[in-house]
Structure formats: structure tokens, C-alpha cells
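These protein sequence lines map, in sequence, to chains A and B.
Sequential numbering of the first sequence, starting at 682, is according to my numbering.
Sequential numbering of the second sequence, starting at 682, is according to my numbering.
Keep in mind that the hints were calculated from the coordinates and are not lab data.
Some hints could be false.
Given that identical chains are not distinguished, each listed pair holds provided it fits within a single copy or across any two copies.
[Said to hold, decoys possible] List time: in silico SDA-like cross-link candidates among lysine to any residue, alpha-carbon distance up to 25 Å:
{"hint": "1", "residue 1": "K702", "residue 2": "E864"}
{"hint": "2", "residue 1": "K863", "residue 2": "P698"}
{"hint": "3", "residue 1": "K755", "residue 2": "E984"}
{"hint": "4", "residue 1": "K940", "residue 2": "S898"}
{"hint": "5", "residue 1": "K863", "residue 2": "I934"}
{"hint": "6", "residue 1": "K722", "residue 2": "N772"}
{"hint": "7", "residue 1": "K863", "residue 2": "N772"}
{"hint": "8", "residue 1": "K880", "residue 2": "Q976"}
{"hint": "9", "residue 1": "K873", "residue 2": "I934"}
{"hint": "10", "residue 1": "K756", "residue 2": "Y767"}
{"hint": "11", "residue 1": "K847", "residue 2": "I934"}
{"hint": "12", "residue 1": "K940", "residue 2": "S979"}
{"hint": "13", "residue 1": "K940", "residue 2": "N786"}
{"hint": "14", "residue 1": "K896", "residue 2": "G765"}
{"hint": "15", "residue 1": "K940", "residue 2": "T971"}
{"hint": "16", "residue 1": "K967", "residue 2": "S898"}
{"hint": "17", "residue 1": "K940", "residue 2": "I836"}
{"hint": "18", "residue 1": "K702", "residue 2": "K940"}
{"hint": "19", "residue 1": "K880", "residue 2": "E984"}
{"hint": "20", "residue 1": "K940", "residue 2": "R973"}
{"hint": "21", "residue 1": "K896", "residue 2": "L875"}
{"hint": "22", "residue 1": "K847", "residue 2": "P735"}
There are 2 protein chains.
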Amino acid sequence: MNLVAVGTVAFDSIETPFAKKDRVIGGAATYITLAASHFVKNSGLISVIGDDFPEEMLQEMKSRGIDQDGLQIKKGEKSFFWAGKYHYDLNSRDTLITDLNVLANFDPIVPEAYQNCDFLMLGNLAPAVQMRVIDQIPNRPKLVVLDTMNFWMDIAWEDLMKVIAKIDVLTINDEEARQLSKEHSLVRAARKILAMGPKYLIIKKGEHGALLFDKESVFFAPALPLEEVADPTGAGDTFAGGFIGYLAQTQNISFDNMKRAVIVGSAMASFTCEKFGPERLLELTKEEITARIEQFVSLTEFEQILEL
Amino acid sequence: MNLVAVGTVAFDSIETPFAKKDRVIGGAATYITLAASHFVKNSGLISVIGDDFPEEMLQEMKSRGIDQDGLQIKKGEKSFFWAGKYHYDLNSRDTLITDLNVLANFDPIVPEAYQNCDFLMLGNLAPAVQMRVIDQIPNRPKLVVLDTMNFWMDIAWEDLMKVIAKIDVLTINDEEARQLSKEHSLVRAARKILAMGPKYLIIKKGEHGALLFDKESVFFAPALPLEEVADPTGAGDTFAGGFIGYLAQTQNISFDNMKRAVIVGSAMASFTCEKFGPERLLELTKEEITARIEQFVSLTEFEQILEL
């Protein structure tokens, strides 16, 4: 298995300043695997759902090479449900409802066929659950990417520190980087966080782009200014899926290739924002992706500054 | 005269979450002309001060080629004074005190030697005052850049519309772009604002960089993640001064050169943030500026994405 992803597969009810939709298909692992499916055709999904999740979506995912031997389906139970409301700037949101449902007792099981994976994406979940996945993979993957959030910093600090020490790339937003490091400057925050274990840190800034740090350097990927943002839900997970999917496709984990992967992830995330739920990820063509990446390239391109 | 700048020359009292300084030298035109002085040696300053403004600073500015025939000194009166307090993110602030003093009755006079200027920078001031300067320049300059703020949108909308119709480049921040256009999407906001008159729009996003729009395209300049931000006061004006200073030096107002000028302005602004007031602008060397611009170049540089 080239890529394995763990995370939620769920329903979201989403309210933006401009529209509202109930029970859209969502979940971190849904966005991650769908985004990655544009780059790799053999990925494995580790998650849990109830018997309320639409079979057509599972079939759609299977047809994209997303193996579901790691997906537990709990009869008579309900899938994870999240409801949130975005602020006017669409860059921040309030959680209205979190119904854990099947997630409350989620014990991930890594099928044997997944245990030799090259790339492992640990989507946002309780750090102890993320650690349970790492513990079931005897041979260390080439690259382990972990996404987390402020909630786990608040209630599961020690578990989070343990799992962060085991991974290669951490993805969080700017406020989370400040909370995790207790530093205001993102440069200092990055230095402290990289001392906690990860070799790379990605700070996601939503409509303001993303920063990729290693110990020596920093790379800045812009976000594409969009004509219309329908719904940013899943943009961060789509970013992660595009990022690790591109790395898994190219089998190259150099810092130079990670820069490209950050651009690819940003391009993929920009599509997700254009419609509610993962709809855009399902209809996207290779041509659209290539054209969008071209837009990202030209967005920051300028000719050399000679005269001073 | 190559470049003429109008704006405040003032004192600022500044409180950040980390430090506090009283009566630092400030003012839009101070930052604009000092930043531009690294690129052009013949600029003219149009402003007004009281007799409380330090003579040494005026001499320092003169030694950098900043002509002061347009600077009115009001005996027995006080210079403009602003006090503000930054929020924790340093990207937003509250105004605590605004003492207009000499600014209350400011009637700008454009000396004859300034009337043939190639580049005109209208720093943030009442739109009617900005218009008074335009009205005194019989031959249209090559490029007129205008900076403004939400305050004038609130209280002087019609005056602002009149002056915006007369300029080439408007610089505002993202919230102001939304207020001015009544559009949330910055892409749509830019389209509406460019229909109001300007050929170019620069949206300044502070620590998140800047966007340059013309009718067809958009360019994104990152902000350099800084180890330490001491005080962002004057960063926007420094950006404007570096931007127009570079254009005035190169005498090239193509969109391609404006992209470079946005990078130069961003580099200059990053220096201003490193210390309180315009201190960094006074000690900067050409070598430091060149090295900083190099950092901006490498910040967004990545190799071509071939495989997909």
C-alpha cells in the first residue's frame, strides 16, 4: 500500500454567511483520501462509520482506489456528526454541535496489507488514537504526516507530545502553532516545534496561504484569491491529502519536492472551497488541476530585481 | 523633482503586547520619504508640523535628498500626535488618541519645483486634502499612488470617490477593500474598485503579504516571517515608499515592474517592523536591502511541478 490515511468519515452541517447546508458528507479522512486519489491509486482508509453512511459514496471512493479494509462499519450506530458556523471572514468558525457517535469508542485496526505503507497520514483525531495506528505499523513508513488542532492541545497535551515526537511532518494553523510553542513569532514557534520531534512543520493560514519550515529554511505558498468561496470546510484536510498524495506519487521526500507538494495541496484546497462538501474533489479533472497549479505558479512569479 | 510625497509628519505613542514607547517620530510621509530615499535622491515632502518637531530629524531627512520646501512649520503649534495599542496578533490595533493639532487646518501648498514631478505619493490624509495636492499639479505625473483608510470611507465617502477616480494605484488593506467595494471576495472587490478609476489596486495584508491587481491579473507578494516584530507602525507607509521609490528609480511603470516594486516595498516594510519608529530605515544599508530582497525571492521559489 502506497498511502494510508486515518481520520473521520462523517456528516457536517455547515453555515456560512451566505448559505447553509445540512448533513453534507465530510470528515478529515474523506477529504484526505479523495484529494490524494488524484495522485495515487492505491490508498487505504482507516476510520469508523455507522450504518447511516451512504453506500454510493463508499463505492465512489472504492472506484478511486481507496481501499476500505480499514473502515469499520458499526451496525445500528451513527456516524460522527459536526455542525459549525463560519464567521464573516470565512477564515474562522464556531463549532455548534459535535456528536461523536461511533467515534466515541473508535479503536483503529490497521489491516495487514496496510502495514507496509510508504506514506502515512494521521488526520485530526485524539492523539492516543493516532498513536494506536503508529503502534500497529512495524516498519516505519517513509513519511508520517500528522494533523491536529487546538482542542487536543487543551485536553490531551501529553498524548499529543508523545505522538508529535514520532512523526515527520506536522500540519497546524498559525494560532495552533502559537499555542503549541508558546511563542508569538511564527519563526520562533517553528524552531520550538521542530525541536519536539517533527522534521518539517506546515503552518496553514487558510486564505493567507501556508508556510513550510524545516530547521534551516522556510517556504511560503500563497492561497489563490478566489472569485467565490462557498465553504472552506475540509480545505485543510484537502491540503494534507494533496500534499501527501503528491509526495506518494513522486516518491520523493526532499525539501524541494515538499515545496511542490505544498503548492499542489494549496491548489487542491482551493477547489474544495468552491462548493459545499467534497463535491469539487469528485468532479475534478487532471486538466483542471494542472491549470490551477499553473495559476499558483504565476501568482508569485516575478522577474529578477536587478537595479537597486 | 522625481518623487513628491504628501502625508503626516508626526509623533506616535505605541503600545504592543511586548513593549511601549512614547512620542516616537512617525507619520505617513516620514516613513514614505525615508523608505523611498533608499532608491531616489531627489524627493519633495509636503506636510505640516509644529515647532516641537526635532530639527535633527529634519536635517537627517534633508541629507537623504528629501526636500522640505513643501513642509510647513507652524510656530507655537504642535505636530500631529497619534497613540495606539496593538492586539496580540500585531495585525490589528486600536487608536487611543488622535490629536490633530497642526493637521486640523492643513492646506497643502505644492512648491513650483514639485509641480513637474514624475511620481506622486498621496499618503493617508483627508481625501479633500489629497485632492488639493492633485489640483496644484498642472501636468499629470507618470504615476499617482494613493493610500487611504476605513475612517475616510466612513466620514468622507464622496470626497474619497472623487480622488480615487483621479489616481493610478490605490493601496488599502483587505478589510478596507471589502468596505469600499461591499464585496467579500477580494477578487470581486478588486474588480469593483478598479472600475472606480484606479488602474491598479494593492491590498496590503500585513503579516500575510500583499496582493497586486490589474484588470486582468493578480500578483501575490508574501510577507517575510520575522523572528521578532517590535512594532508594525509605519509598515504600510514604508511599503508604499519602497514601492513608489523603486518605480521612480527605475522609471518603469509596467505591471511586471510593479510586481518587483511590491516585493521591494514588502522587503522595506519588513525592516520597519523590526524596531520602533523609523529607526531601521535610518540605519539600513544597500547590502541589507539586497539581501532581504533575496530572502523574499527564495521564500516563494520552487522548481517546476512536472509529474502529475
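Here is what the structure says about each hint:
1. K702 x E864: between (37 Å within a copy, 22 Å between copies)
2. K863 x P698: between (32 Å within a copy, 14 Å between copies)
3. K755 x E984: neither (57 Å within a copy, 46 Å between copies)
4. K940 x S898: Both: 11 Å inside a chain and 24 Å across chains, each within 25 Å.
5. K863 x I934: neither (29 Å within a copy, 44 Å between copies)
6. K722 x N772: Neither. Shortest intra-copy (32 Å) and inter-copy (43 Å) distances fail the 25 Å Cα cut-off.
7. K863 x N772: For K863 and N772, both the intra-copy (22 Å) and inter-copy (18 Å) Cα distances are at most 25 Å.
8. K880 x Q976: Classified as between; 22 Å across copies, 29 Å inside a copy.
9. K873 x I934: within (22 Å within a copy, 43 Å between copies)
10. K756 x Y767: neither (33 Å within a copy, 54 Å between copies)
11. K847 x I934: So K847 and I934 pass the 25 Å test inside one copy only (17 Å; across, 52 Å).
12. K940 x S979: both (15 Å within a copy, 11 Å between copies)
13. K940 x N786: So K940 and N786 fail the 25 Å test inside a copy (37 Å) and across (54 Å) alike.
14. K896 x G765: Neither: 36 Å inside a chain and 36 Å across chains, both beyond 25 Å.
15. K940 x T971: both (16 Å within a copy, 24 Å between copies)
16. K967 x S898: between (31 Å within a copy, 23 Å between copies)
17. K940 x I836: So K940 and I836 fail the 25 Å test inside a copy (32 Å) and across (46 Å) alike.
18. K702 x K940: Cα proximity of K702 and K940: none, with 35 Å in one copy and 40 Å across.
19. K880 x E984: For K880 and E984, the Cα distance is within 25 Å only across copies (21 Å; inside one copy 32 Å).
20. K940 x R973: So K940 and R973 pass the 25 Å test inside a copy (16 Å) and across (21 Å) alike.
21. K896 x L875: within (7 Å within a copy, 42 Å between copies)
22. K847 x P735: For K847 and P735, the Cα distance exceeds 25 Å both inside one copy (35 Å) and across copies (58 Å).
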